[in-house]
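Given chain A, put chain B in place with the hints provided.
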Amino acid sequence: MKGNEAIAEAAINAGCLYYFGYPITPQTEISEYMAKRMPKVGGLCLQAESEISAINMTMGAAASGARAMTSSSSPGISLKSEGISYIAGCDLPCLIVNVQRGGPGLGGIQPSQSDYYQATRGVGHGDLRLIVLAPSSVQEMASLTAEAFDLADTYRMPAMLLADGALGQMMEPVDFSLFEKREVPEKEWAANGHGGKRKKNIVNSLFIDPQELENSVMKRYERYKIVEQKEVKYEEYMTDDADIVLVAFGITARICKSAIAAVRKDGIKAGLLRPITLWPFPKKEIGALADRAKAFLTVEMNMGQMVDDVRLAVNGKKPVDLYTRTGGMIPSVDEVEEKIRAMAASL
Amino acid sequence: MKTVYERPKALSDVPLHYCPGCTHGIIHKLVAQTIDELGIEDRTVGIASVGCSVFAYNYFECDMIQAAHGRAPAVATGVKRTHPDTVVFTYQGDGDLAAIGTAETVHIATRGENVTIIFVNNAIYGMTGGQMAPTTLPGQVTTTSPYGRDRKIQGSPVRICEMLSTLDGVALAARGAVDSPKNINATKKLIRKAFENQLEGKGLSIVEILSTCPTNWGMTPKAALEWLRENMMTYYPLGVFKDGEAVR
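Going down the list, the sequences are from chains A and B.
Residues 1 to 347 in our numbering are what the first sequence lists, from first letter to last.
Residues 1 to 248 in our numbering are what the second sequence lists, from first letter to last.
Chain A on its own, in the form it takes in the complex (with noise of 0.2 Å):
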């Protein structure tokens, strides 16, 4: 199946009845698939008039109660910016799908991982966090997906699953049921008409005094705190004895595992760390390799974005170095393999 399709069935599979979207290339199959499959299942497959009205049916949908997503590419992420703000400043859980292609502006339709800095840092106004979780495989495309409901039900926060075109359109064989539920809390906020059996419910991210402000971001920053400790996911590969530690991504991270594999063989000793959740980040993790590893190489496919992250946590113990392609290329095995040896070179 093809990983766009996988997070569509994903979502269904998880409960999720309402999409919202529109078309954007790498990610255009996420919404044909659920324009065919919703129907089928009771659900509702809204095609909105921009990327901006379709977040906004979102944050409807959510505050609602309803578990409800959008997806996009880049530029239209872009667009989404506004209403991801609300949604965070509301409290409001749903799943963004961010399918990455080359920016900026326009920029291209080929597989990218440039909107790092968006996601983890810059996606809306105002003090705020997403839960960011980039699938690696057709299979994490799925389970990431569903994990990412709960995930945002539990901590009344959006959730964004941060992929990229290559994921987007590959096929691999996918498990529908391989993924962890939970319990999640019931939505006792939302305004869905109160019945006459409670007080109003009033979703809203305004507070024109600053100590109040200041107080409903702190608690906001609390929950982030929680999220940070227990909710942190990453994988390693052959790190055990590694002098030089690859950290990488998605798409990026199976490239480097192959690279890695190489060397190997020419006694090289490399591995990798590959985040899955973006933010939280595992910096402790890799604070931690930081003290057995002699060198960092960050391998992204952009200039240079989650290499700050990377240096914040290995925090100057050992130098970071870096390998990037950008506006659409894919840094090859060869690449990454040539680079990991002239850095054992130097060690």
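Read the hints as simulated data drawn from the structure, not as lab findings.
Since the structure is predicted, the reported quantities are computational estimates derived from the model, not experimental observations.
Idealized CB from N, CA, C, for every residue including glycine.
Hints may be right or wrong, so weigh each one.
[Claimed, not checked] Which residues of chain B face chain A? A partial, calculated answer using Cβ under 8 Å: (1) 66; (2) 71; (3) 81; (4) 83; (5) 150.
[Claimed, not checked] Below are the EDC-like pairs computed for lysine to aspartate or glutamate, each with C-alpha atoms no more than 20 Å apart in a straight line: (6) A/197 with B/36; (7) A/318 with A/241; (8) A/200 with B/13; (9) A/317 with A/222; (10) A/225 with A/175; (11) A/199 with B/36; (12) A/269 with A/334; (13) A/199 with B/42; (14) A/200 with B/36; (15) A/199 with B/85; (16) A/283 with A/235; (17) A/197 with B/162; (18) A/187 with B/37; (19) A/284 with A/236; (20) A/2 with A/175; (21) A/200 with B/37; (22) B/29 with B/196; (23) A/233 with A/183; (24) B/9 with B/36; (25) A/197 with B/85; (26) B/29 with B/6; (27) A/200 with B/85.
This is chain B only, laid out in the frame that chain A set:
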């Protein structure tokens, strides 16, 4: 003693923040009375917008959601489509609905969403202190049209009801005013119809209400009412532009 007048139950018992002479208060009351009369407060969800009516979420007793500037129709769509048994209304000003939210306004109408829109047109941006709105009249002085709105430079005001009445998804597009008891009563009937249409599943209903902004127009409340009658009503004629059932 017989009670002949009281605060509608759907209107919260709190002081409104609106300026003296502003007609938002009357419009809030008309909406709340309608909710009371139809007995729908328990299943109504109101969507507040950005502008002077941003605090509407504090003024109605039903569940409320505060939307981003111009996006109330999209948020309303998300609520109504996932909870069809709710009664959903948006409360929007002219900057919100007719400028930044134009796409959302047009497309909630093209989809014929079964939602009610209360559109308050006072020809100015009130909350930010009196800037030119999409509905500011030709020649009207605002802080961003200090020499008067010049059609050659700033274009012409938009007549929303007339525009939306061309769309199949619209059940009701009507314009009222709250400048006199007679017009208040007529507007009340339009608002009630806009909610009844939703209960009957007829499609999108929008009631535009000509409203005053004495503070930012720089007039006394009484002069503002006269200005509304003389200037706004000639450019924005009162009436029903579409009444029926949406083609959906």
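Tested hints:
1. This hint holds: residue 66 of chain B has a C-beta 4 Å from the nearest C-beta of chain A, less than the 8 Å allowed.
2. For residue 71 of chain B, the interface hint holds, the least distance from its beta-carbon to any beta-carbon of chain A being 4 Å, beneath 8 Å.
3. Interface hint status for residue 81 of chain B: upheld, as the beta-carbon distance to the closest one in chain A is roughly 6 Å, under 8 Å.
4. Taking 8 Å as the C-beta cut-off, the interface hint given for residue 83 of chain B holds, the closest approach to chain A being about 5 Å.
5. Given hint, residue 150 of chain B at the interface with chain A, is violated; its Cβ is 30 Å from that chain's nearest Cβ, farther than 8 Å.
6. At most 20 Å may separate the alpha-carbon atoms for a hinted pair to count; residue 197 of chain A and residue 36 of chain B meet this at roughly 17 Å.
7. For the suggested pair residue 318 of chain A and residue 241 of chain A, the alpha carbons sit about 16 Å apart, so the restraint of at most 20 Å is met.
8. With a C-alpha separation of about 14 Å, the suggested pair residue 200 of chain A and residue 13 of chain B falls inside the 20 Å cut-off, and the hint holds.
9. Distance check on the hinted pair: residue 317 of chain A and residue 222 of chain A sit about 29 Å apart at the alpha-carbon level, beyond 20 Å; violated.
10. In summary, the hint linking residue 225 of chain A to residue 175 of chain A is not supported, as the alpha carbons are separated by about 32 Å, beyond the 20 Å threshold.
11. Proximity of residue 199 of chain A to residue 36 of chain B is assessed by CA-CA distance (about 17 Å); at most 20 Å being required, the pair is judged to hold.
12. Simply put, residue 269 of chain A and residue 334 of chain A have alpha-carbon atoms about 17 Å apart, close enough for the 20 Å limit, and the pair holds.
13. For the suggested pair residue 199 of chain A and residue 42 of chain B, the alpha carbons sit about 10 Å apart, so the restraint of at most 20 Å is met.
14. Restraint check: the Cα-Cα separation between residue 200 of chain A and residue 36 of chain B comes to about 15 Å, which is no more than 20 Å; the hinted pair holds.
15. Taken as a hint, the residue 199 of chain A and residue 85 of chain B pair is honoured in the structure, with Cα atoms around 19 Å apart against an allowance of 20 Å.
16. Between residue 283 of chain A and residue 235 of chain A, the direct Cα distance comes to roughly 13 Å. Compliance with the 20 Å bound is thereby established for this hinted pair.
17. A hinted pair counts as satisfied when its Cα atoms are at most 20 Å apart, and residue 197 of chain A with residue 162 of chain B does not qualify at roughly 41 Å.
18. A C-alpha spacing of about 30 Å is found between residue 187 of chain A and residue 37 of chain B, which places the hinted pair above 20 Å, so the restraint is violated.
19. The hinted pair formed by residue 284 of chain A and residue 236 of chain A meets the criterion: a straight-line CA distance of about 13 Å does not exceed 20 Å.
20. The suggested pairing of residue 2 of chain A with residue 175 of chain A holds, with an alpha-carbon distance near 13 Å, which does not exceed 20 Å.
21. Our distance criterion of 20 Å between C-alpha atoms is met by residue 200 of chain A and residue 37 of chain B, whose separation comes to about 19 Å.
22. As the CA atoms of residue 29 of chain B and residue 196 of chain B are separated by approximately 17 Å, the hinted pair is consistent with the 20 Å bound.
23. A hinted pair counts as satisfied when its Cα atoms are at most 20 Å apart, and residue 233 of chain A with residue 183 of chain A qualifies at roughly 19 Å.
24. A hinted pair counts as satisfied when its Cα atoms are at most 20 Å apart, and residue 9 of chain B with residue 36 of chain B qualifies at roughly 7 Å.
25. Pair hint residue 197 of chain A plus residue 85 of chain B holds up; C-alpha atoms about 16 Å apart against a cutoff of 20 Å.
26. A distance of roughly 11 Å separates the Cα atoms of residue 29 of chain B and residue 6 of chain B; the hinted pair therefore holds under the 20 Å criterion.
27. The hinted pair formed by residue 200 of chain A and residue 85 of chain B meets the criterion: a straight-line CA distance of about 17 Å does not exceed 20 Å.
In summary, the numbered hints that this structure violates are 5, 9, 10, 17, 18.
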